[in-house]
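Trainee: Sequence:
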Amino acid sequence: MKKLLFQIDTDPIPAVFDTVVAYDGGADHVTAYGGINPSNVGPLVDGAIFTRAPKEKKFTAIFVGGSNMAAGEELFKAVKKKFFANFRVSIMLDSNGSNTTAAAGVACIVKSAGGSIAGKRAVVLAGTGPVGRRAAVMLAREGAQVSLTSRSMQRAQDAADAIKQRFGLDVTPVEAFDCEARGRAIEGAQLVFATGAASALLLEPKHWQNNPGIQIMADANATPPLGIEGVDMMDKGNERNGKVVWGAIGFGALKLSLHRACIAQLFEAPDQVFDAEEIYAKAKTMA
63 MKKLLFQIDT DPIPAVFDTV VAYDGGADHV TAYGGINPSN VGPLVDGAIF TRAPKEKKFT
123 AIFVGGSNMA AGEELFKAVK KKFFANFRVS IMLDSNGSNT TAAAGVACIV KSAGGSIAGK
183 RAVVLAGTGP VGRRAAVMLA REGAQVSLTS RSMQRAQDAA DAIKQRFGLD VTPVEAFDCE
243 ARGRAIEGAQ LVFATGAASA LLLEPKHWQN NPGIQIMADA NATPPLGIEG VDMMDKGNER
303 NGKVVWGAIG FGALKLSLHR ACIAQLFEAP DQVFDAEEIY AKAKTMA
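Just so you know, we're using our numbering here: the sequence shown kicks off at 63 and counts up by one.
Simulated from the structure, these hints should not be mistaken for lab results.
Positions of the beta carbon are idealized from the N, C-alpha and C atoms, including for glycine.
A few of these clues could be false.
[To be verified] Listed next, with one range per pair, are the computed distances between beta-carbon atoms:
id, residue 1, residue 2, range
1, Asp86, Thr285, 20 to 30 angstroms
2, Pro287, Phe149, 44 to 54 angstroms
3, Val335, Ser129, 17 to 27 angstroms
4, Lys268, Tyr95, 47 to 57 angstroms
5, Pro274, Lys142, 42 to 52 angstroms
6, Thr285, Gly88, 26 to 36 angstroms
7, Lys298, Asn102, 16 to 26 angstroms
8, Pro274, Gly205, 21 to 31 angstroms
[Said to hold, decoys possible] For lysine to aspartate or glutamate, the following DMTMM-like pairs were computed, each having C-alpha atoms within a straight-line distance of at most 25 angstroms:
id, residue 1, residue 2
9, Lys298, Glu339
10, Lys142, Asp73
11, Lys226, Asp337
12, Lys117, Asp333
13, Lys346, Glu301
Go ahead and model the full structure; you've got the sequences and the hints to work with.
Mentor: Set out below in structure tokens:
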């Protein structure tokens, strides 16, 4: 029985990256659809859940992707609403790689901390995007006191409110318009995770290199200039100025392995759901 993965993308053109990783994760055939939303996804889901016998449904799975996590979440909900009784298949959400990227980065931070970050103060820089929000949730669930920065206080507050509503967790919104403000925001923090847009400089060396409290840093940006100047994208738990540092490529190897492993697991049973919580749990076993 062929392992079929249906890649439904909220963007007009499905992501080639997700298709490649799906094949590397063990799918025998990937069919990608672009421009999918809750109003037109129904027939695709029907085709996936009604065609194979119950014992064979584990060989069909759905992957929800696209560049917009909010749109992906709505599509993810719409797909799951179509499931009933034994008429379901396994499904994974990873819009813009947000779940796997955040999970890999946080798992590496926790590993570097010896397995526990409970009670530590963590700052997610430029954290209003999907990777930042997911990372904030994962750090908070590990017991860290999490702050999330944005150039706009309103955007930071909106992100904190969304996290509270979706996950029931409290994170502190912080307005930090420039590098100087972000440097002040990480004072007293032990953990820093930079999740800004590509080529967005968030911290200069002077803001972190002589900060005695910082223990572990991670930077999700792999496009120069990096988010944290003085970090190398290849850093893989390296020590720099007394801090353990992870660059985007350094923990990116785990991100790719995690993505592939989740795809492979989709085909083990027909009722699996991989969202932030499940993907992070998987990342912790692999870090």
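Trainee: Look at each hint and say if it fits the structure.
Mentor: These are the hints, each one checked on the structure:
no.: 1; hint: Asp86 - Thr285: 20 to 30 angstroms; result: holds (23 angstroms)
no.: 2; hint: Pro287 - Phe149: 44 to 54 angstroms; result: holds (50 angstroms)
no.: 3; hint: Val335 - Ser129: 17 to 27 angstroms; result: holds (22 angstroms)
no.: 4; hint: Lys268 - Tyr95: 47 to 57 angstroms; result: holds (48 angstroms)
no.: 5; hint: Pro274 - Lys142: 42 to 52 angstroms; result: holds (47 angstroms)
no.: 6; hint: Thr285 - Gly88: 26 to 36 angstroms; result: holds (30 angstroms)
no.: 7; hint: Lys298 - Asn102: 16 to 26 angstroms; result: violated (42 angstroms)
no.: 8; hint: Pro274 - Gly205: 21 to 31 angstroms; result: holds (22 angstroms)
no.: 9; hint: Lys298 - Glu339; result: holds (24 angstroms)
no.: 10; hint: Lys142 - Asp73; result: holds (20 angstroms)
no.: 11; hint: Lys226 - Asp337; result: holds (17 angstroms)
no.: 12; hint: Lys117 - Asp333; result: holds (12 angstroms)
no.: 13; hint: Lys346 - Glu301; result: holds (22 angstroms)
Checked against the numbered hints listed earlier, the structure breaks hint 7 alone; every other hint is satisfied.
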